[in-house]
Amino acid sequence: MIRWRRGLQVYQRNSLYGHLLADIFINKSRGLTVIQSYVAALSKILTLVQFTSAYVNDYYYNLWLSRTKKLFRVSIKLFLSTCVLRILQPGLLCPSGKQIYSFWWRAGFIIFLMFYLTTFRGLSHRTYEVMSLLLLLIHIFIQFPVHCKVPSLNLPLSLPKYLTTFAAFVLLPLPLELSVCVIAVYVALNEGLDKVYDHLRAGNLTEVSDPSQTPWGMFDLSRLTTEFHQLESKTRWTQMMRGLEWGFICFAATYIAFWGNVRRRFVFLKLGKSVQARNQCETARRVRVCWIEAIVPSKVSKEYQRLLKANECLDVTEWIYIRSYESVTMLFADIVGFTKMSSGLTASQVVNILGSLVKQFDALCEIKHCEKLGLIGDCYYCVSGCPELFKYHARSCTEMGLGMCEILKSFNKVFGTEINIRVGVHTGRAHAAVIGAVRFHYDVYSYDAIIANELEQSGRPGWVHISQTTYDQVHKYYAAIPGPELTINREDAFGWARRVPEAVRIFTYFIEPGSTNVKDTLSKLISTSETSSSTSTADASSTSWTSFSLENITQKENEAVEDSRVAWKENYLPAEALADIQMRHQTNMLKLQRDIQLINDLRADPANHRLLFDHPPLTTVLSQFTDPEVEWHYHLHMRHAVGPSFVDSEKLARVCDALILLLTIGLITAGALVVNFQEITLVLFLVFFAIAVAICIVLCFTGTHYPDRIHSRFSLTIYNICTNPMAYEFILAVYTLLPTAVTLTFVRTLSAEYRSNEIGQMYLTFMAISIYIHCLPSSSAAWARGTSAALTLSSGFLGWNGQEILQAEKEQFCMTNKDMKNGLNMRNQEIIAAYEGAVSLVLIYLLSRISERTNKLCFFVHREAEIESEAAETAAKEANVLLYNIIPKYVFRDLERIGREDLSDRSSSLRYAVAHEMIAVAFISVSNFFSTLYREDREGGAASLRLLHRIICSFDGLLGNFKYVEKIKSIRENYLVASGLSQSRVQEESKNNAHMVELMLYCIMARDALNNFSHTVLSDDEALVSKIGYNCGPVTAGIIGTAKPHYDIWGDTVNVASRMCYTGSPGMIQVTELVREKLKHIFYFSYRGEFFVKGKGHMRTYVCEGRV
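All residue numbers for the sequence shown refer to full-length UniProt numbering, where the first residue is 1 and numbers rise by one.
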């Protein structure tokens, strides 16, 4: 069972949207084991990022709506940059006086501006999807007319196709499938039209004898002064290079889009999990508070929990909650005849009858400004004037007692019973305290509390017995008759003088029943109950249509199911098929409930963590966390094992990035080596590839290991160096600059025998890959990626200008005296290339920034989810510790099973009862505490209560030594324990009397503990003695009441154990004859005699002398 619960906790911690995430580094895995686990997790990643419900999918996109709008605007700006380029290109390259065809790009410029202005309206994600598709199609469409009018074979513009591809996959909110289809058509049209136009252009130009007569609409500007042999169609090698370029760009865009989509969905799901964990934490806290308030008033509970937190490092005996009140009124009420009536009833009947009475008492107590203190069997007691101060506390308690008498009369009429109630009310001073460490509760202690109890015991059934102090405050409102005088023995002293016993005489009175005030109170009670029920109904009706609930959806689906069932019956489907369909329907409904709960939790999140999607906690420029502690934890998480690492971990992303980069570098190196195979190039390319392999190994090593799993000192040093943030960025920069080095080496060592067009296309392809490879690593900072891309661009321009790549000689135009290359103005050509490079650099930085911020947001949400999960577990543990301190674990499990573990639901009385056949019960009383130790002349009695707290805590401390013994409650100086209530534990024991033996041993240890306390703490004349009564038999255990429900036991067995305690001798353990018969083989018993026991007559009793 323990292993199963641990497994459940692991599942709840590692599960995400119904899927169990695999911790890649579980069981201290490393190296190839980590890679294997990572590959296995990648194979299942598609199922993780799919939402089963359209509700969750729509809500997910709505949360990212701000990001969608920003990227949509960025796409428009980038498309506008291509418009500017296409408009400037003909003007820069064409000779003066020639007609330029730029209508489509000017029109596109205006259309894009209109799209941009549309984003200032509140649009939905679906609208942005449609607009993105239109925007992309328009951008593709306007490229082809100019492509056919002003082509340039020797200076092709690559920027539009790069922007189109990355915008379709990464920037625009288009589904991946749709983006693939659009780009596939775009590539086919681009290459197809280019090939067709090359063929037509070559045919037209061969027929021209005078270039000046050539129509500009069908004339390639790059052919103005070149010879016609350069007009040959593209070779197969050139087409392969263009295919490689397209393939890399599409792969890079897909790679970035895929991981971005995965991590954003992980962010959403982890954020939902974090919020749900916080809700669980709040629920655990609320349940904890409710159960604390079950024994401690709400005003006291906050202060008590504050003291509990402040003194958590201290022993429980070293601190106590205690407050003194000079004037309060206490009420004790005992139901007369209930024990006799309940003797012939079952456990559930006893609890139902007593529960119905207690429910009425609780409601009356709340109306009359009284604070319920507890229920001792069938004795109900409360106080008014504390902890909430109330001026008319005496009148409040008096009306409470009269109301209880009227409730009993009504109860007898309804059920035909003859039970009654005695009520005692007294006004005086009291100390409100929480005594004990186990099953503690809020109670009042003083001589005046004893007087109130004595008034109840000496009262008349059906009357309210009040003292003189109470009478002085209420005689104007009620008719009273004199009662018998009471004599209370108390001992006080002055200073350090010897205690002097004193007999205090108290005048008492009886309040006549049937007061009009009581009738008004009862009518108010009834009207209040009706109002609360009607109000709850109204509230439910008013909120049912506004809340995001499952009712309407469930109703529609149920109607559909009913219609389907009719169709099933008509088609005579077999029972197995019907059961399978119904099972799938139930599964879908459970998933729908989970989805709606997720949405409701995110919407109702008081911390508004959903705003993280709009405003992540990152700086604008460097994308660092605004909280330095989080930034430190982020780098610590990359270097050390802090929590589980799942498939979205940035540490594991380094492994994937390293392998992808190695594959790309290998392709470039192989292609360059095939074309330019020389000894020097072979050596250089092998050196570059060896460096790439070494870096890949290092990155994979750091990405699949943690320091605590590295045994070699050299490897640990390498790990510490390479995982340093700046060192990692430097290594990755070298890694991504290797394609640039290969490309430049390829150009510098190239022989002049190769065809210029093929080499030119190869150079452009390699440079494009070398530039855009910098946006691939998703585990790198955007500033580092931008810096590396800038170095590649600078090297590319130097390589272009420093080598005659196209093998064409510069020419001088006599008319213009401008430097030309293949008939084009070189300076203008460089301006266009620089413009393309600048926009490409912006695009690379933007893509890297998107990946970096998504990674960091994923880490932040993962960190918050882990913190909330740990907080939820800690809160649950703390709640359980306190909860099981109030109520037994097995009882709470039963309450969870019947759905009544939450005490915040006050709509019905909590009634829980279990009948036990053979339970051992013991009463332990510090019989002379109030007569020997309690003194109100020292701190008003607070010092004495601290001693009582230590005594009760010493009894509580003994419980851990026994398996079956548990405390039921402590009532002032009395301590009630029982054994055998946990039937699951008792059934595990082969001997039926094992729990009885343990309880007897506990009684002996408690007696010895009290004696030891007296000898070590108190003087000889203040020695405390115990009286212990022990009995066994059937009992009823349960919880009843709407306010302050306590776990208690009832029955004749409990009453007899109490009588055994009160009629026993000091220091003795008095037992019944039944106990002696069951334990005589284990313990010595001596016959004490027959004693009269109230309700039982004369009984033979024995005293336990010790073990045999």
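Keep in mind the hints are simulated off the structure, nothing from the lab.
This one's a predicted model, so the numbers in the text were calculated from it and none came from an experiment.
In this text, a Cβ means the ideal position worked out from N, Cα and C, and glycines have one as well.
Just so you know, not all the hints are guaranteed correct.
[Unchecked claim] Simulated restraints, written as ranges between beta carbons of each label pair:
hint : residue 1 : residue 2 : range
1    : 40        : 890       : 40 to 48 Å
2    : 1092      : 890       : 34 to 42 Å
3    : 1005      : 481       : 27 to 35 Å
4    : 1081      : 326       : 16 to 24 Å
5    : 683       : 251       : 23 to 31 Å
[As the list claims (entries may be wrong)] Listed next, the in silico EDC-like pairs over lysine to aspartate or glutamate satisfying Cα-Cα at most 20 Å (straight line):
hint : residue 1 : residue 2
6    : 340       : 1052
7    : 409       : 512
8    : 476       : 512
9    : 340       : 326
10   : 299       : 366
11   : 302       : 388
12   : 391       : 472
13   : 391       : 366
14   : 309       : 873
15   : 309       : 878
16   : 1078      : 917
17   : 476       : 454
18   : 1078      : 998
19   : 299       : 315
20   : 1094      : 1052
Outcome of the hint check:
no., hint, verdict
1, 40 - 890: 40 to 48 Å, "holds, 41 Å"
2, 1092 - 890: 34 to 42 Å, "holds, 37 Å"
3, 1005 - 481: 27 to 35 Å, "violated, 50 Å"
4, 1081 - 326: 16 to 24 Å, "violated, 56 Å"
5, 683 - 251: 23 to 31 Å, "holds, 30 Å"
6, 340 - 1052, "holds, 9 Å"
7, 409 - 512, "holds, 14 Å"
8, 476 - 512, "holds, 13 Å"
9, 340 - 326, "violated, 39 Å"
10, 299 - 366, "holds, 15 Å"
11, 302 - 388, "holds, 14 Å"
12, 391 - 472, "holds, 14 Å"
13, 391 - 366, "holds, 16 Å"
14, 309 - 873, "holds, 18 Å"
15, 309 - 878, "holds, 11 Å"
16, 1078 - 917, "holds, 14 Å"
17, 476 - 454, "violated, 24 Å"
18, 1078 - 998, "holds, 13 Å"
19, 299 - 315, "violated, 24 Å"
20, 1094 - 1052, "holds, 11 Å"
Comparing the model with each earlier hint shows violations of hints 3, 4, 9, 17 and 19; every other hint is respected.
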